[in-house]
Amino acid sequence: MAKIIVVTSGKGGVGKTTTSASISTGLARRGFKTVVIDFDVGLRNLDLIMNCERRVVYDFVNVIQGEASLNQALIKDKRVETLYILPASQTREKEALTQEGVEKVLNELAETFDYIVCDSPAGIEHGAQMALYYADEAIVVTNPEVSSVRDSDRILGILQSKSRRSEMGLDPVKEHLLLTRYNPDRVDRGEMLSVGDVEEILAIPLLGVIPESQIVLNASNQGLPVILEDDSDAGQAYEDAVGRLLGEEREHRFLTAAKKGFFSRMFKG
Amino acid sequence: MSFFDYFKSKKKNTANVAKERLQIIVAHERGMRDQPDYLPQLQQELIAVIRKYVQIDDDMVQVELDRNDDCSVLELNVTLPEHQQ
Ligand SMILES: Nc1ncnc2c1ncn2[C@@H]1O[C@H](COP(=O)(O)OP(=O)(O)OP(=O)(O)O)[C@@H](O)[C@H]1O
Ligand SMILES: [Mg+2]
Numbered sequence: 201m202a203k204i205i206v207v208t209s210g211k212g213g214v215g216k217t218t219t220s221a222s223i224s225t226g227l228a229r230r231g232f233k234t235v236v237i238d239f240d241v242g243l244r245n246l247d248l249i250m251n252c253e254r255r256v257v258y259d260f261v262n263v264i265q266g267e268a269s270l271n272q273a274l275i276k277d278k279r280v281e282t283l284y285i286l287p288a289s290q291t292r293e294k295e296a297l298t299q300e301g302v303e304k305v306l307n308e309l310a311e312t313f314d315y316i317v318c319d320s321p322a323g324i325e326h327g328a329q330m331a332l333y334y335a336d337e338a339i340v341v342t343n344p345e346v347s348s349v350r351d352s353d354r355i356l357g358i359l360q361s362k363s364r365r366s367e368m369g370l371d372p373v374k375e376h377l378l379l380t381r382y383n384p385d386r387v388d389r390g391e392m393l394s395v396g397d398v399e400e401i402l403a404i405p406l407l408g409v410i411p412e413s414q415i416v417l418n419a420s421n422q423g424l425p426v427i428l429e430d431d432s433d434a435g436q437a438y439e440d441a442v443g444r445l446l447g448e449e450r451e452h453r454f455l456t457a458a459k460k461g462f463f464s465r466m467f468k469g
Numbered sequence: 611m612s613f614f615d616y617f618k619s620k621k622k623n624t625a626n627v628a629k630e631r632l633q634i635i636v637a638h639e640r641g642m643r644d645q646p647d648y649l650p651q652l653q654q655e656l657i658a659v660i661r662k663y664v665q666i667d668d669d670m671v672q673v674e675l676d677r678n679d680d681c682s683v684l685e686l687n688v689t690l691p692e693h694q695q
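Listed in order, the protein sequences are those of chains A and B. According to our numbering, the first sequence is numbered sequentially starting from 201. According to our numbering, the second sequence is numbered sequentially starting from 611.
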């Protein structure tokens, strides 16, 4: 049985696409046959992060509308053997994603894939609702910042009332908090919500904390999912998150600021 | 309190402010989420009725539904202005 995981947030620009790329790459790297789907119709970006933008011929909407087969639209990743990308349409309206159409594609993918990762668009409207509707699990990407936390809570409300699992009275969608762009220095200075604060407010299990890191921009510049930067803090934090997603016990890392010398503490404190 | 903490505490801890504000708004919005769709309309009509007798502002009438397993309680809070002639 394929597992469908939505990467969602409500608020835009918090790191959903970055996360979708790394989580799907991490799952595939462990041998799971994985497909990552871009639900951001009209604002396709996953192709750039996955470095396959020049290989897009057909897209998700083409498949829904019967203009291409799934095999024609799926792009096989060049780095990780068992990873595939289904790009979003750049030219259609979000409404082109119909519930029946999405279901048809997911069902077909579920026949051969172990994991289906859905990269949600921002917002709480149609596109975001389509991305989360069929999910078994949800990774709620949140930045330690007031509007992001509030929007995450709204998305949790939608997962609990407007997903297939909630409507059909099945077991609820399994929720995971992924706190990204975390800056322990600023947390220490009382300028940023701590991981404990966000956990307390949202009250869902913590999947991981991804530090704010320059590596992320460097990796996206080159079309490299940051998880493949094995030596980097952000890459390792994503790898830990993949482990936890698969049920492994991993201690949380990168939560504390680098130790500072006496003078910098004295003057910056 | 250590020597360093003393200097730290002089600067406002904005993260604490953020946390408190979030706790309040998130609790409020969660409450609203579980409310039936007709509540805002009910609230507007109640305000209109009360206004026939007393001059009140919109935010002086609060309507909430508390749902329990075996019964639901509709809670209506009306704040009246202090001096009524
Ligand atoms: N841990 C991080 N450290 C530093 N920068 C990050 C981190 N995570 C994401 N970013 C940056 O934040 C920006 C937004 O990331 P991304 O595109 O993944 O967000 P998104 O939630 O998918 O956005 P949208 O809502 O527009 O789809 C990018 O420039 C990305 O490089
Ligand atoms: Mg995105």
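None of these hints come from the bench; they were simulated from the model. There may be inaccurate statements among the hints.
Quick look at which bits of chain A chain B covers, simulated, 3 or more residues with Cβ under 8 Å [said to hold, decoys possible]:
{"#": "1", "region": "277-288"}
{"#": "2", "region": "379-392"}
One-sided excerpt, in silico: chain B residues whose CB lies under 8 Å from chain A [unchecked claim]:
{"#": "3", "residue": "T624"}
{"#": "4", "residue": "A628"}
{"#": "5", "residue": "K629"}
{"#": "6", "residue": "R661"}
Heads up, the beta-carbon is just placed ideally off N, CA and C, and yes, glycines get one too.
Q) Which of the numbered hints above does this structure break? A) 1, 6
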